[in-house]
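Here are the chains, one letter per residue:
Protein chains: 2
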Amino acid sequence: MGIFSPGASPMSKTHQKPKILNVETVARSRMFRIQSVNLIFSNGENRVYERLLPEGRQAVMIVPVMNDNILLIREYAVAIEDYELGFPKGLVEPDEDILVAANREMMEEIGYGARKLTVLSKLTLAPSYFASSMTIVLAEDLYEHRLEGDEPEPLTLVPWPRSHMMKLLEQHDFNEARNVSALFLAREYLNQR
Amino acid sequence: MGIFSPGASPMSKTHQKPKILNVETVARSRMFRIQSVNLIFSNGENRVYERLLPEGRQAVMIVPVMNDNILLIREYAVAIEDYELGFPKGLVEPDEDILVAANREMMEEIGYGARKLTVLSKLTLAPSYFASSMTIVLAEDLYEHRLEGDEPEPLTLVPWPRSHMMKLLEQHDFNEARNVSALFLAREYLNQR
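First to last, the protein sequences are chains A and B. Mapping to my numbering: the first sequence position 145 is 210, numbers consecutive. Mapping to my numbering: the second sequence position 178 is 243, numbers consecutive.
Please note that the accuracy of each hint is not assured.
Repeated chains share a single entry, so a pair holds when one copy, or any two copies, can fit it.
[As the list claims (entries may be wrong)] Here are the computed lysine-lysine pairs in the DSS-like style, where the Cα-Cα straight-line distance is at most 27 Å:
#: 1; residue 1: Lys-187; residue 2: Lys-232
#: 2; residue 1: Lys-181; residue 2: Lys-82
#: 3; residue 1: Lys-232; residue 2: Lys-181
#: 4; residue 1: Lys-82; residue 2: Lys-232
#: 5; residue 1: Lys-232; residue 2: Lys-84
#: 6; residue 1: Lys-181; residue 2: Lys-84
#: 7; residue 1: Lys-187; residue 2: Lys-82
Calculated directly from the structure, the hints in this document are not laboratory data.
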């Protein structure tokens, strides 16, 4: 850590973790399981929280770079009942390598593979409710290769100029937290090179 | 749009929205409701998706700036069963103004109010599953004012030097997508000023 270690300051001492007294499944559907968690904090406070268990598989999101563009898709999102602009993404199959999954998802969703894949980050999503995480991958040196996916309709491919990457933030349909993070992380990585 | 309008290119024509045939609640708990949505895409493909309805309240996340620091907290997140480093956040009360909510959450979680509050963005979170969104607010010109919140234990305050903001990305417990987005959005805003 050396000189810069704000995390070690007296104000940021870490708590002792709460003790989990009981976990039970309180509701279940085809895709989700809801657990109720009864726990006691180190100061004696008792709480009952709820959390969601999806299928427990890892997810991957890919920022594909092709010449002067980054490639995005428009895909239907049922909870907002509208189309969302974002990067290709999908679930990692059991025993599948994360970069293999990234390449497969790209082939299924935009019809390209990549010769160069770089992990930028691994993000969580509302960890009070979800345990799942998503790995963000930059894809370069693309080649055409289409695989059949399980999409209900062909996805709309949206090439976006790298020179105007930040203009994506002004699009009304580009505002999902993982997409916004991936955009910034990709720019940070590309600019530092 | 003028010269720069990649969204208007022929490759990015938008689809006609799928038609929702039926929505039903398939599971329910104290906090969540799971809906099954039967829909038909414009090409005739039929799908049954699931989505989650939380309490439907808006959420707010605040990036507080105090002198040369930004202020973060460490809070327990039950789905990952660990403490998470992130910005103060919380739910907006019914009929509560979003900036009033931002100020209240700050007072409850870190003991400060702010004389200047600026909306940076409104982010969604996995809109295939959730309809909820979170407004990201920058807070400046802080003053001491503590309100009692519903936290089970005092939150650990972590002041972080603005000069090393991006070092947060190297912390093992700072990796939630909305926190990462908020960090970049705050830096962008502060740098452009």
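List in ascending order the numbers of the hints, as given earlier, that are violated by the structure.
-> Hint check: 2, 5, 6 fail, others pass.
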